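*Asks:* Spelled out, the chains give:
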Amino acid sequence: MSYLAILITFIFINNFILTQFLGLCPFIGVSKNTESAIGMGFAVIFVMGISSIVTWLLYNYILVPFHIEYLQTITFILVIASLVQFVEMVVQKISPQLYKALGIFLPLITTNCAVLGIALINITNNYNALESFVAGIAAGIGFLLAILLMSNIREKLDLIKVPKPIQGIPIAFISGGLMALAFMAFDKALLTNLLG
Amino acid sequence: MLKEFTKGIFKENPIFIIVLGLCPALGVSSKLINAIGMGAGVIFVLLGSNIFVSLLKNFIPDKVRIPAYVVIIASFVTLVEMVMEAYLPSLFESLGVFVPLIVVNCLILGRAEAFANKNTIKASIFDALGMGIGFTLSLMLIALFREVLGAGTVTIMAIGNFDGVIKIPGIYNAPARVFGLSAGALLVMGYLKAFFNWYSSRKRVS
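Chains A and B are the protein sequences, given in the same order.
Take my numbering: the last position of the first sequence gets the number 196, and nothing is skipped along the way.
Take my numbering: the last position of the second sequence gets the number 206, and nothing is skipped along the way.
Treat the hints as calculated values from the structure; they're not laboratory data.
Note that the coordinates shown come from a computational prediction; the quantities given were computed from them, not determined experimentally.
Do not take every clue at face value.
Between beta-carbon pairs, the in silico distance windows are [said to hold, decoys possible]:
{"hint": "1", "chain 1": "A", "residue 1": "ASN125", "chain 2": "B", "residue 2": "TRP198", "range": "53 to 59 Å"}
{"hint": "2", "chain 1": "B", "residue 1": "ASN58", "chain 2": "A", "residue 2": "ILE62", "range": "31 to 37 Å"}
{"hint": "3", "chain 1": "B", "residue 1": "LEU56", "chain 2": "A", "residue 2": "THR192", "range": "30 to 36 Å"}
{"hint": "4", "chain 1": "B", "residue 1": "TRP198", "chain 2": "A", "residue 2": "ASN128", "range": "48 to 54 Å"}
{"hint": "5", "chain 1": "B", "residue 1": "GLY164", "chain 2": "A", "residue 2": "ILE94", "range": "52 to 58 Å"}
{"hint": "6", "chain 1": "A", "residue 1": "LYS161", "chain 2": "B", "residue 2": "PHE59", "range": "52 to 58 Å"}
{"hint": "7", "chain 1": "B", "residue 1": "GLU93", "chain 2": "A", "residue 2": "HIS67", "range": "18 to 24 Å"}
Which stretches of chain A does chain B cover? Using the computed rule of at least three CB atoms under 8 Å from a CB of chain B, they are [as the list claims (entries may be wrong)]:
{"hint": "8", "region": "19 to 28"}
{"hint": "9", "region": "59 to 73"}
{"hint": "10", "region": "147 to 153"}
{"hint": "11", "region": "169 to 177"}
Note that CB positions come from ideal geometry on N, CA and C, so glycine has one too.
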């Protein structure tokens, strides 16, 4: 698969939130305003890019040579958790501005299933190191796109009158469903039309 | 004890009231059997992690408790993965990436942190069973809506000659396929949550 195809697949066709249901908790939890949605989105792109390449290296150079592939779930979640902590410390040291923007979102990312999800999907799809990295970044961009659209919708929803039982989470899910309906337009045919 | 058990099923239902563990709830709910399989996996992991966290609560240093919980949970998830792959390969196939993702199901870590590390083993077992069964029932409810509307079938265990698929006349020939897809899952979840909001607000008034 070419890199462009991977990029399009993970941003539009297999959008992590709207078609794969990975990362729904932050999608509902952190989409109340645009500013925090953007912060969360970029933090996710950052962590997913780094963690896909690190987990790939770990799987292919440690787990496979020692024949302990069955430990992949434990290894990946520990690596992701410590990586997130490490990234948090590095960002805090190097760039206080970036830390101010992303800081509070980083700890939340450990339990974001999208990060572990992309690590596992990369292994299942037999991607090489660079493909894994591109897939990680693309899935992150897809997440940013979905959460950004959602936060815009929810900011508009604040201004209109919504029936009491549907307020809050239910209307967020229903808008998400309608968005997913629109994303159904992006399917495999898009890829063949674009790239031949 | 009974209160610890029933609170997970109704009053603090993980999916519809506290809204935790959503990704698997929507990801595997296109068929009833997948929902049951996922629920069984979650009950097992939740039970194991609650027992171990409650046993070890005096030995785990407070500062490293979250990584310790994650290791406990991940070990049980690996067990579930291996057993399921060996004995129920078709279920394992259709649940796919969501089996290892039980690790990051916030429900399990949430119960370890909020309940098991403060309570006795017995209470933790009841809490795990209640929460697990509440999770499974909610998943089955979502799956029932999605499968009946989206495919016109209800898939349960295959026994003998019976392949486990019950076809519902009328819907089977012309199902609303969108409910089987991702958009339908989000819509069903939204309307069910709205129903539960309405129901609990009505009960509070009366």
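*Asks:* Look at each hint and say if it fits the structure.
*Replies:* For each hint, the structure was consulted:
1. Between ASN125 (chain A) and TRP198 (chain B) the beta carbon distance is about 43 Å. The supplied range of 53 to 59 Å is therefore violated.
2. Against the hinted window of 31 to 37 Å, the Cβ-Cβ separation of ASN58 (chain B) and ILE62 (chain A) comes to about 34 Å, which satisfies the hint.
3. Separated by about 54 Å at the C-beta atoms, LEU56 (chain B) and THR192 (chain A) break the suggested range of 30 to 36 Å.
4. Look at TRP198 (chain B) against ASN128 (chain A): about 51 Å separates their beta carbons, and that is inside 48 to 54 Å.
5. Our hint of 52 to 58 Å for GLY164 (chain B) and ILE94 (chain A) holds, since their Cβ atoms are close to 56 Å apart.
6. At roughly 54 Å, the beta-carbon separation of LYS161 (chain A) and PHE59 (chain B) lies within the given 52 to 58 Å, and the hint holds.
7. In this structure the hint that GLU93 (chain B) and HIS67 (chain A) lie 18 to 24 Å apart at CB holds, the actual value being about 23 Å.
8. Look at the region 19 to 28 of chain A against chain B: 8 of its residues bring a Cβ nearer than 8 Å to a Cβ of that chain, three or more, so the hint holds.
9. With 4 residues having a beta carbon nearer than 8 Å to a beta carbon of chain B, the region 59 to 73 of chain A meets the requirement of three or more and the stated coverage holds.
10. For the region 147 to 153 of chain A, the stated coverage by chain B is not satisfied: 0 residues place a CB nearer than 8 Å to a CB of that chain, which falls below the threshold of 3.
11. Here's how the region 169 to 177 of chain A fares: 8 of its residues keep a CB closer than 8 Å to some CB of chain B, so the rule of at least three is met and the hint holds.
Hints 1, 3, 10 from the earlier list are contradicted by this structure; the remaining hints agree with it.
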